[in-house]
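S.K.: Residues per chain, in single letters:
Number of protein chains: 2
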Amino acid sequence: MPATPHPFPTHSAVVADLRDRWNILTTARRVAAFTKLDREEAEDLFFDLSSTDQAKLLVSLPAGERRSWMRLLAPDDAADLVQEAPEVERDGLLGLLDDPTRKEVNGLLAYAEDAAGGLMNPRYARVRPEMSVDEAIAYIRKQARENLERIHNVYAVDAEQKLQGEISFRRLFASDPAQTVREVMRTELVTVREHTDQEEVSRLFARHALVELPVVDAEGRIQGVVTVDDIVDVVREADTEDIQKMGGSEALDAPYLEIGFLHMVKKRAGWLTILFLGEMLTATAMGKFEGEIAKAVVLALFVPLIISSGGNSGSQATTLVIRALALGEVKLRDWWRVLVRELGSGLMLGTVLGLIGLIRILVWQRAFHTYGEHYVKIAFTVSLSLLGIVLWGTISGSMLPFILRRAGFDPASASAPFVATLVDVTGLIIYFTVASVILKGTLL
Amino acid sequence: MPATPHPFPTHSAVVADLRDRWNILTTARRVAAFTKLDREEAEDLFFDLSSTDQAKLLVSLPAGERRSWMRLLAPDDAADLVQEAPEVERDGLLGLLDDPTRKEVNGLLAYAEDAAGGLMNPRYARVRPEMSVDEAIAYIRKQARENLERIHNVYAVDAEQKLQGEISFRRLFASDPAQTVREVMRTELVTVREHTDQEEVSRLFARHALVELPVVDAEGRIQGVVTVDDIVDVVREADTEDIQKMGGSEALDAPYLEIGFLHMVKKRAGWLTILFLGEMLTATAMGKFEGEIAKAVVLALFVPLIISSGGNSGSQATTLVIRALALGEVKLRDWWRVLVRELGSGLMLGTVLGLIGLIRILVWQRAFHTYGEHYVKIAFTVSLSLLGIVLWGTISGSMLPFILRRAGFDPASASAPFVATLVDVTGLIIYFTVASVILKGTLL
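So the sequences go chain by chain: E and A. Residues 200 to 643 in the numbering used here are what the first sequence lists, from first letter to last. Residues 200 to 643 in the numbering used here are what the second sequence lists, from first letter to last.
FYI, nobody ran anything at the bench for these hints, they're computed from the structure. Just to be clear, a hint being listed does not mean it is correct.
What the hints assert, rightly or not - Which stretches of chain A does chain E cover? Using the computed rule of at least three CB atoms under 8 Å from a CB of chain E, they are:
no., region
1, 290 to 302
2, 346 to 352
3, 447 to 457
4, 509 to 516
5, 628 to 642
Just so you know, even glycine gets a beta-carbon here, dropped at the ideal spot from N, CA and C.
Construct the complete structure from the given sequences, taking the supplied hints into account.
M.R.: In structure tokens form, the structure reads like this:
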């Protein structure tokens, strides 16, 4: 990547270089390099690391040095780090925190990592609805000194911590100082519960263009806030999982170069074996047509071309539909509209490939006399099969994600290889059926 | 998706329902429904729409109603809307803005949509380094009343607007009121230039866990700020493009149900045709082995199984590597480490499939006597070919993204179908070569 000219120094060159090489260093080398940095550089690096890497580094540091690093972290980041640390180290790490923070971190650890409760920060700016704007600002200033990480929205809560309304700090700050918070706050709020799944949370952010989202319990008491910067990671992680599944393997759940070799092979071997077992049906299908192939070997020549065209058109369709479902552009109930579109696409794409195939065979015949006296019939067999197979690939590729979601599975499992395998067997049947109709009495 | 019980009303049911159906309504129906809403509901809906939909709606509204909607938008959102509007409407829309905003919007329109300058908001909280903390806060309060959208970081600039330092508003707010801004601000800053590509910008956000990033010109004058909520859209958009390419079509650049039918077919037909032309080489390759197939028709039965196994293992490898490159987990210079890993994976995965294939043939032979007297040799031919083809698929699938990036192309073009096509032809050559060695003197 070409470096952008920066009028400002960012990290020191040492930190930048170390950060770049971090994932290929052994733990011992990481510790050695880290302890050589001055404090400011070390902090820069530490905050840049993922929770997993922070945890690995921290448990490798001498016991006496861990405390100051743990205490640098906000409660949600500390909770992430503890979650990533080995089981036996967790209590020790929690013990390094001061009492109120440990309580907060323990609260967060009670939630699943991928739920709103596991994403949220338990520290937020709170005011009472009956305060004046000026009182509220002074009260937030006090909170900012004590424990706030950032101030975006300000939440008005009653004595029982029940959420009454919210206002952006910017708007509060710009309001008439003598008005009450109640007069300037919004009361139509988007909120989530602690156990809402993080992907649902990220859809709400996208849907309502949010920057911050309060998390409330069943009684409407505010528990914390999820901020949009956490959502960037959720989106990236969800997309990575989808992409890996769409490529026909299990999601790796760790960076490619960091995941253990055998672990990675296991995650790939599972699907590859399932697909292979499915693909074995092609040998069975081909076996059924062994007589036809023996009579007309020329038919075998086009088998790879025909089945791969079905696979490719199926890959396209399934990928487009999986992504549209993931983005919420298409809903389950839209399956019918997608079917109509894909019927049209399949017909057009199949016609294009069928025509190219027809021309290819006719040209080759004229040039090389490859296909014998019945070349016209062979050309039409291939051409019509292509139309049928592309149409079938497109339709099954586009409908499979709907079927999977309807059945409660992840639509992204309708991977390109899965669809290709599915289409291969039926593709062969279509091809040899078309052949037996067209070539009956001549080659067959 | 099951609705989360909400203790709060969010949008009115009318707005929520309308938002859900928006993309399937005709323009006339959108306008009719929109104008029936009361002002608050209409604002809720308007802000929830994408820039494209906002533009479509706005140009369909009566001329007299457009102004109040345009003026609701922040400059960066207004710029996005104008960019999405038809060419002939743009000047009219710009004319609806007040003079200072129009100047800002015109400035933003000068940048490419996908550059930092096109993402940034030209309004940010600015102070002078020599102000006291209390003066700075009062000064920001004045800016908040006038034109700020949000306050996250505060930027200290000199008389020429050159960026001197930054401080989070939270920290400024919590600082000793008598200190100067210079004493509390950070001076080691991450910044970008106006023309930095948005994907590079999003990598900087991820790399440094940023919430806001100042954009500066060549002289270090601050031009605006990019905020993390804009980055969520950049990430989503980039992932969508990658996914669509990885599925073997061009990126659609519009939601599936909204893109014109012929436009979509065109985007899919291009790659499908290229892949088809490539796949035609399989017919040529098969033609070269026509003699062998005629002598041993049984060989043809395993062709689909063999080539699809190469395609599937190639899909896996290419997908994992493309994603790792996109996330920056793997860099161009890591190709050698990836090659070593994939050599190992390919050998292990190939051995697994080869063994399953071997067992399958031996079991079928015992059960159905399908494969004739030379079934052991056939079993070894298939098994060894599988090992070779899976290894080859894995290696070419993992290296292709590196080759594409090195050559200046998008690694995501190494789609699953592309790799499958590449592997099919070589897979056939491997298979028939292995067959001719093992079966020489018996079947061949």
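S.K.: Hint by hint, say whether it matches the structure.
M.R.: Do the hints match the structure? See the list:
Remark: the region 290 to 302 of chain A is not confirmed as covered by chain E, as 0 of its residues place a Cβ nearer than 8 Å to a Cβ of that chain, below the required three. Restraint check on the region 346 to 352 of chain A versus chain E: 5 residues with Cβ-Cβ distances below 8 Å, three needed, restraint holds. Chain E is given as covering the region 447 to 457 of chain A, and this holds because 7 residues of the stretch bring a CB closer than 8 Å to a CB of that chain, at least three being needed. Counting residues of the region 509 to 516 of chain A whose CB lies closer than 8 Å to any CB of chain E gives 5, so the stated coverage by that chain holds, three being the minimum.
With 0 residues carrying a beta carbon less than 8 Å from a beta carbon of chain E, the region 628 to 642 of chain A misses the three-residue requirement, and the given coverage is violated.
When the structure is compared with the earlier hints, violations turn up for hints 1 and 5 and for no others.
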